[in-house]
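Enquirer: Below, each chain spelled out in residue letters.
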Amino acid sequence: MAAGLRAGDFTASELLDAHLAAIRATDGSIHAWLDTDDAGATEQARAADARLAQARANGGTGGLVPMLGIPVGLKDLVLVRGRPATAGSRMLEGYISPYDAHITERLREQGAVIVGRTNMDEFAMGSSTEHSAWGPTRNPWDLERVPGGSSGGSAAAVAAWQVPLSIGTDTGGSIRQPAALCGIVGIKPTYGRVSRYGIVAFASSLDQIGPFGRDVRDTAMLLHAVAGRDERDSTSAALPVPDFAAELPASDDEAAASLRGVRLGLPRQYFVAGMEAGVEARIREAVAALAAAGAEIVDVDLPHTDYGLATYYIIAPAEASANLARYDGVRYGRSIRLPGADFIADYKETRGTGFGAEVKRRIMLGTYALSAGYYDAFYLKAQKVRTLIKSDFDKAFERVDALVAPTSPTVAFPLGARLDDPVAMYLSDACTLPVNMAGLPGLSVPCGLSEGLPVGLQLIGRAWDEGRLFQLGRAYEAITSGADWRQAGP
Amino acid sequence: MPSLSRKDVEHVAHLARLRLADDELTRLEDQLNHILDQYAVLAQLDTDHIAPTAQTIEVENVLRQDEARPSLALDEALANAPARSGDYVIVPPILGDAAD
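Residue numbers (my numbering), protein chains in the order written: chain A, 1 to 490; chain B, 1 to 100.
Honestly, the hints are just simulated from the structure, not real lab data. Owing to the predicted nature of the structure, the values given are computational and were not obtained by experimental measurement. There's no promise every hint is true.
[To be verified] Examples of chain A residues lying across from chain B (beta carbon under 10 Å, computed):
#: 1; residue: PHE10
#: 2; residue: SER204
#: 3; residue: ALA238
[As the list claims (entries may be wrong)] Derived SDA-like pairs: lysine to any residue, alpha-carbon spacing no greater than 25 Å straight-line:
#: 4; chain 1: A; residue 1: LYS390; chain 2: A; residue 2: ASP376
#: 5; chain 1: A; residue 1: LYS395; chain 2: B; residue 2: LEU42
#: 6; chain 1: A; residue 1: LYS384; chain 2: B; residue 2: ASP48
#: 7; chain 1: B; residue 1: LYS7; chain 2: A; residue 2: ASP420
#: 8; chain 1: A; residue 1: LYS395; chain 2: A; residue 2: ALA273
#: 9; chain 1: A; residue 1: LYS390; chain 2: A; residue 2: ALA246
#: 10; chain 1: A; residue 1: LYS395; chain 2: A; residue 2: LEU239
#: 11; chain 1: A; residue 1: LYS390; chain 2: B; residue 2: LYS7
#: 12; chain 1: A; residue 1: LYS395; chain 2: A; residue 2: PHE271
#: 13; chain 1: A; residue 1: LYS395; chain 2: B; residue 2: HIS49
#: 14; chain 1: A; residue 1: LYS395; chain 2: B; residue 2: VAL41
#: 15; chain 1: A; residue 1: LYS384; chain 2: A; residue 2: ASP301
#: 16; chain 1: A; residue 1: LYS395; chain 2: A; residue 2: ARG284
#: 17; chain 1: A; residue 1: LYS384; chain 2: B; residue 2: ARG19
#: 18; chain 1: B; residue 1: LYS7; chain 2: A; residue 2: ASP342
#: 19; chain 1: A; residue 1: LYS390; chain 2: A; residue 2: ALA273
Note that beta-carbon positions come from the ideal geometry of N, C-alpha and C, so glycine has one too.
Chain A extracted, bound-state conformation (with noise of 0.2 Å):
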């Protein structure tokens, strides 16, 4: 696409007019996105083509970003100056981004055309997108099933070639399980490597953005693209930002070359209990697959695997309860002042009606889990669990290079099927979300279907090597490059 517009086979303007087509079309099935900006896009779109026609004219468009004229869809939790952002709730209806994001601050800077805002569970708090309070998101293999969440949006819209590239955040497992249930890839990166400045909340120690693209590549030069320190969030990290799409293999034999000596654990906990047969066959195969191209496979022990849910919802709900006291109806947002009531009341009211059924449970979890005489057996415990998790981590990368996993146990699941039973949703995140607490990177990279629907490969790498997560996806695309299911899409 980036070389298209350089070469001038299309314009900026013609790429944006065909995604929003596209999005005319299929999005009233879908309901991937809630909505495009059409006026600021076309005008981003006519910016970055007088861009390219100067580069043109100045001998030449090899000095241009990648980025310069690539349609992205954010979530609807990233702030775009005068546009709406409700993180899928009530509580934020109305609400108008008074700045930019950094991240959205560096895709205007680099020329990238913003679409509009993809749906997602309410406060990123949900693994089906069914808890939007704007209504569900459809997954586009299959209507009648639910596309992965919390970024269920930006996923369905890039798996249904709506928009090439969008941004989502995980904090669980929020961007890998919907890109596994949506056939595409998604990474989250170390925790610290993007600027969360402009990101609404949802649990500050796990809280990670990333992107999504069809291939390795395009997701790796969207992480690049957003990266970086930003003094504005004191935990990104002054780290440097390698060209993870640059320093990629240009042929498959390369890529594919790559895969020689690398020692790839395999983490016997995360062939959970409840997982689906044919989810493990085809994990079972792209492992496979990956030591016939000459990856030595370790098996490893993650021990704490089993305590990795119970800590998670400790931690996450705790956080949330916290950041989400801010939505108490005075500065902005939802409020609701009943006449003669005291500001208690009012509060509560606010709070009662503007949050959906989800966010009120976690609130409460956490809410419980801080309170006075639970702290220690709650959170605190957590948080020494949580040190456990992340050794067992440590200990596995003194012998591998990165480990191989599912993403998700099962592929995507019929629309209602989990809603009344919050701990079955929460399983959907069984392998993911011990990676969040321990900051690690993690890509998941599509590896066949099970039932005609997707399965998702999770690559886990250590603290900042994203570079190497991508090169070994790259890798395992070359592999897998000449396969039938390469074929099939939605």
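Using the hints provided, position chain B relative to the given structure of chain A.
Expert: Positioned in the frame of chain A, the structure of chain B alone reads:
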């Protein structure tokens, strides 16, 4: 693991500043207790000598120069306020009778 009574659920809802309808309280009592049951596995682990992890990257004492710099214009900062008077946000009274 402790279990939550209806009264406990009501108390937590008060702490969390959530007005919940009767049927919501009933459902939450059920669901929260089911989730708390899942937490019980953590009690199997001896963590007496384990340090807690609050964050995963070794960042500490991030400081910046204490200097004035441009910020949002007042109108932009106040644009989302539910109730406004001039350059101020109108807040509910928190002192006096209304807060008793």
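Enquirer: Run every hint past the structure and note whether it holds.
Expert: Going through the hints against the structure:
no. : hint                   : verdict
1   : PHE10                  : 37 Å, violated
2   : SER204                 : 9 Å, holds
3   : ALA238                 : 9 Å, holds
4   : A/LYS390 with A/ASP376 : 20 Å, holds
5   : A/LYS395 with B/LEU42  : 21 Å, holds
6   : A/LYS384 with B/ASP48  : 9 Å, holds
7   : B/LYS7 with A/ASP420   : 23 Å, holds
8   : A/LYS395 with A/ALA273 : 24 Å, holds
9   : A/LYS390 with A/ALA246 : 31 Å, violated
10  : A/LYS395 with A/LEU239 : 24 Å, holds
11  : A/LYS390 with B/LYS7   : 37 Å, violated
12  : A/LYS395 with A/PHE271 : 19 Å, holds
13  : A/LYS395 with B/HIS49  : 19 Å, holds
14  : A/LYS395 with B/VAL41  : 23 Å, holds
15  : A/LYS384 with A/ASP301 : 19 Å, holds
16  : A/LYS395 with A/ARG284 : 23 Å, holds
17  : A/LYS384 with B/ARG19  : 33 Å, violated
18  : B/LYS7 with A/ASP342   : 22 Å, holds
19  : A/LYS390 with A/ALA273 : 22 Å, holds
Going down the numbered hints, you'll see the structure goes against 1, 9, 11 and 17, while the others check out.
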